[in-house]
Amino acid sequence: RKEVEQDPGPFNVPEGATVAFNCTYSNSASQSFFWYRQDCRKEPKLLMSVYSSGNEDGRFTAQLNRASQYISLLIRDSKLSDSATYLCVVEGSTLGRLYFGRGTQLTVWP
Amino acid sequence: GAGVSQSPSNKVTEKGKDVELRCDPISGHTALYWYRQSLGQGLEFLIYFQGNSAPDKSGLPSDRFSAERTGGSVSTLTIQRTQQEDSAVYLCASSLGSSQNIQYFGAGTRLSVL
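Chains as they are written, first to last, in our numbering: chain A, 1 to 110; chain B, 1 to 114.
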């Protein structure tokens with residue numbers, strides 16, 4: 001079983017839509033969780049960390065469900081500039097190692 | 001800028017040649033990672049350096065791949081006898097260390113093996 005599994009999409013939504021991405025992880029001992037964003041032909045960049053209580057950054061909300069080993073990212077009021085691939089990232093069994101999901105592709109159309 | 005720096009940004013080589021890719025991490029970051037990303041694919045972990053500890057080489061795909069990190073800073077990824085399937089973007093990332101593991105990526109080296 002892979003360390004991190006994501007729905008690859010693609011998700012195609014109109015501007016202003018709300019869209020949600022999910023991922024599951026296999027290591028129940030993981031302590032660190034992140035969402036990264038990768039634009040086409042660019043390097044991944046940290047979007048936000050994910051905390052146990054859930055956290056929000058503007059239009060972005062991340063949730064963690066430890067019991068189900070499930071992470072989500074909600075994007076409200078989608079903008080054209082949100083078009084990218086979103087990577088679910090989880091700390092692995094080796095200290096310091098992060099495991100990256102394959103990413104979920106989002107396209108926001110006008 | 002104080003980000004992760006990689007060179008060259010693009011490298012075209014002939015099959016069978018050796019290549020060296022360089023990564024200069026963010027100053028003060030003790031952890032350094034190499035990944036490979038083929039077109040349309042996810043990140044493939046290659047190798048991880050943490051301080052003076054022995055590197056985690058578990059992701060290296062074959063013995064043609066090696067990496068070193070001199071003085072705990074700059075790292076070089078070497079691919080010997082390159083093959084066409086080695087063509088990919090090679091990404092380097094660094095982080096403060098095992099307790100602070102947010103990774104910051106360089107812009108990558110795009111390797112094309114003809």
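Read the hints as simulated data drawn from the structure, not as lab findings.
Accuracy of the hints is not assured; some may be wrong.
DSS-like, lysine-lysine: derived pairs with alpha carbons at most 27 Å apart [said to hold, decoys possible]: (1) Lys2/A / Lys15/B; (2) Lys11/B / Lys57/B; (3) Lys15/B / Lys45/A.
Far from chain A, by Cβ distances over 12 Å, these chain B residues were calculated [as the list claims (entries may be wrong)]: (4) Ser7; (5) Lys17; (6) Val19; (7) Phe65; (8) Thr70; (9) Ser73; (10) Val113.
Bear in mind that the values here come from a model prediction, so they are computed numbers and not experimental data.
Note that CB positions come from ideal geometry on N, CA and C, so glycine has one too.
Going through the hints against the structure:
1. Taking the CA atoms of Lys2/A and Lys15/B, the gap is about 32 Å. The hint is violated against a cut of 27 Å.
2. Taken as a hint, the Lys11/B and Lys57/B pair is honoured in the structure, with Cα atoms around 23 Å apart against an allowance of 27 Å.
3. With a CA separation close to 32 Å, the supplied pair Lys15/B and Lys45/A exceeds the 27 Å bound.
4. Ser7/B, annotated as away from the interface, keeps every beta carbon of chain A farther than 12 Å; the closest lies near 14 Å.
5. The claim that Lys17/B lies off the interface holds: its Cβ sits roughly 25 Å from the closest Cβ of chain A, which is beyond the 12 Å cut-off.
6. Distance check for Val19/B against chain A: the nearest CB is about 19 Å away, which clears 12 Å, and the non-interface claim stands.
7. Look at Phe65/B: its CB is around 18 Å from the nearest CB on chain A, clear of 12 Å, so calling it non-interface holds up.
8. Every CB of chain A lies more than 12 Å from the CB of Thr70/B, the least distance being 20 Å, so the non-interface label holds.
9. No beta-carbon of chain A comes within 12 Å of the beta-carbon of Ser73/B; the shortest separation is about 17 Å.
10. Taking the minimum C-beta to C-beta distance to chain A, about 19 Å, the non-interface status of Val113/B holds against the 12 Å cut.
The earlier numbered hints that this structure contradicts are 1 and 3.
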